[in-house]
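So the sequences go chain by chain: A and D. Heads up: the first sequence at position 180 corresponds to 180 in our numbering, and the numbers run straight through without jumps. Heads up: the second sequence at position 213 corresponds to 213 in our numbering, and the numbers run straight through without jumps.
If you are wondering where the hints come from, they were derived from the structure by calculation, not from laboratory data. There could be a bad hint or two in this list.
[Claimed, not checked] Below are the EDC-like pairs computed for lysine to aspartate or glutamate, each with C-alpha atoms no more than 20 Å apart in a straight line:
(1) D:K11 to D:D29
(2) A:K11 to D:E175
(3) A:K95 to A:E153
(4) D:K96 to A:D204
(5) A:K11 to A:E57
(6) D:K11 to D:E138
(7) D:K95 to A:E7
(8) A:K11 to A:E144
(9) A:K11 to D:D204
(10) A:K43 to A:D55
(11) A:K95 to D:D100
(12) A:K67 to A:E30
(13) D:K95 to A:D100
(14) A:K159 to A:D100
(15) D:K11 to A:D204
(16) D:K11 to A:E200
(17) A:K159 to A:D209
(18) A:K180 to D:D156
(19) A:K166 to A:E207
(20) A:K11 to A:E61
(21) D:K159 to D:D204
(22) D:K43 to D:D55
(23) D:K180 to A:D246
(24) D:K95 to A:E200
(25) D:K43 to D:E61
(26) D:K166 to D:E200
(27) A:K180 to A:E207
(28) D:K11 to D:D55
(29) D:K180 to D:D156
(30) D:K95 to D:E200
(31) D:K11 to A:E30
(32) A:K95 to D:E57
(33) A:K96 to D:E30
(34) D:K159 to D:E144
(35) D:K11 to D:E57
(36) A:K11 to D:E167
[As the list claims (entries may be wrong)] One side only, chain A facing chain D, incomplete, derived with CB under 7 Å:
(37) M24
(38) E108
(39) S143
(40) R145
Note that this is a predicted model, so its numbers are computed, not measured. Ideal placement from N, C-alpha and C gives every residue a C-beta, glycine not left out.
There are 2 protein chains.
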Amino acid sequence: MGEQLTEAGGKTRLYVTGDLGAGMAVALDEGPSHYLLHVMRAKSGNRVLLFNGRDGEWLAEIGQVSKRGVTATCLSQTRPQAGAPDIWLAFAPIKKTPADYLVQKATELGVSRLLPVFTRRTIVARVNLERMAANAAEAAEQSERLTVPEIREAMDLGKLLASWPKERWLYFCDEGGGAKPLAEVARGASGPAAIITGPEGGFDPSERDLLRAQSFVVPVTLGPRILRADTAALAALSVWQSVAGDWR
Amino acid sequence: MGEQLTEAGGKTRLYVTGDLGAGMAVALDEGPSHYLLHVMRAKSGNRVLLFNGRDGEWLAEIGQVSKRGVTATCLSQTRPQAGAPDIWLAFAPIKKTPADYLVQKATELGVSRLLPVFTRRTIVARVNLERMAANAAEAAEQSERLTVPEIREAMDLGKLLASWPKERWLYFCDEGGGAKPLAEVARGASGPAAIITGPEGGFDPSERDLLRAQSFVVPVTLGPRILRADTAALAALSVWQSVAGDWR
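Just chain A, same shape as in the assembly (with noise of 0.2 Å):
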């Protein structure tokens, strides 16, 4: 009884969709149930840590343990809700195990909504927006984050482009030269960020020339090697988290 969960990384953590507050109970989603159930065996009475991207982050204590799930009630805030980056990342879709990867990764590196675009070069013709949720509330839970970010649906490049929200610059990493390195213009930027990155094979030439027009596209470059589409979204935010973010 009281005994609080612990796992590989620390305390166990939980996302849930739900209100937190003071003696307040709560039913856990059905992947943090089944999570509690199945892998850590809790028993009511046991306490987890509690986060909803809305009202910090509670200690809470396992109720009712059944098969149709599991409540938790609230015992005290642990942390309360902070402000996160703002910054968002528009990625072409890449395989499976490379999409797992980025979506966990971006998540730990503080990206706020990841955005999903569809262009000429994509391969990926479907988006599992499901998979992804699963992976980012995951990444959340170990990562400490007290926001999972937002997923939205894929959309086509010019579609995303003609929608883009003219205040938040936009940072496309350009292979195609003549770009300045992203550590360089976003140095000290204040305001809504984003960073857009190609499929394996590139933007090509018509996209390039698109997103050079936007008055919010900043051309930036990740040195001198070719990067694969994961391992340059990752770079970008870790740049961007250093010089603007909330790496300072």
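We have chain A; now place chain D onto it with these hints.
Below, chain D alone, put in the same frame as chain A:
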């Protein structure tokens, strides 16, 4: 005859260990020979790009193709050998798939030497250096590097620090707090550098003390979230390249 072999990422580039120079014939190593014969189905007269980390990149024509191996003759130099950033990565070994990924990505990001280091909380007991070398060579071929990172035998943390070259800064990714941002301390720093990242459970307190007691160690932070071991290594390399390496 004379056809340049290509694959998904562009022209076929192969790392070889032998010398390269105008008119010189080179016997390809077993790995590249196997790849050309059985994956690319190369024929006599096909052309490939070769590099060895010393003599630049060469366009070469395949001569003899047999089960005993492949030879090629250098036609012309396509790129001169160029300097590369001097940045080492010391890292606690991790499980197979994340380790493959780490070596590939670190190579793309321009690491010059990989040093596996055993720490108290390292779970992985054995390091497969051959597998690491194969991953590094393949990533170098695809990222258009002219070098392949050097891979050192694994050693204990204490031994690594005792034999460390004192003029090389060692940026210690410290989750324990009280460290400055890597981008801040490394910005514009010149001279040789290295990054060290811990195992999944982090360095233990005595290891942190040992690291912090070294004159060449600079504790650094990568922001407020908990990064997995491989994410931390790749993020640190990206940030270093952007403020002190060749992404500027």
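Pairwise hint evaluation, E30 (chain A) against K11 (chain D), where the allowed Cα distance is 20 Å at most: At roughly 48 Å apart (the allowed maximum being 20 Å), E30 (chain A) and K11 (chain D) break the hint.
20 Å Cα cutoff - pair K180 (chain D), D156 (chain D): Violated, because 26 Å separates the two Cα atoms, which is more than 20 Å.
20 Å limit on alpha-carbon distance, applied to hinted pair K180 (chain A) and D156 (chain D): 41 Å, violated
Pair hint K11 (chain A) and E61 (chain A), alpha-carbon separation not exceeding 20 Å: 13 Å, holds
Pair hint K11 (chain A) and E167 (chain D), alpha-carbon separation not exceeding 20 Å: 40 Å, violated
Per-residue hint verdict: S143 (chain A), partner chain D, C-beta under 7 Å: OK, holds: S143 (chain A) within 7 Å of chain D, min 4 Å.
Pair hint outcome, K11 (chain D) versus D55 (chain D) [Cα-Cα no greater than 20 Å]: Since the Cα atoms of K11 (chain D) and D55 (chain D) sit roughly 19 Å apart, the hinted pair holds (cutoff 20 Å).
Holds or violated: K159 (chain A) to D100 (chain A), with C-alpha atoms at most 20 Å apart: Status violated; Cα separation ~25 Å.
Restraint check for K166 (chain A) with E207 (chain A), where alpha carbons must lie at most 20 Å apart: 18 Å, holds
Hinted pair K43 (chain A) and D55 (chain A), Cα distance within 20 Å: 25 Å, violated
Hint check, E108 (chain A) versus chain D [nearest Cβ-Cβ separation less than 7 Å]: Interface hint status for E108 (chain A): holds (5 Å vs cutoff 7 Å).
Pairwise hint evaluation, E57 (chain A) against K11 (chain A), where the allowed Cα distance is 20 Å at most: 12 Å, holds
Violated hints, listed in ascending order, are 4, 10, 14, 18, 22, 24, 26, 29, 31, 32, 33, 34, 36, 37; each of the other numbered hints is respected by the structure.
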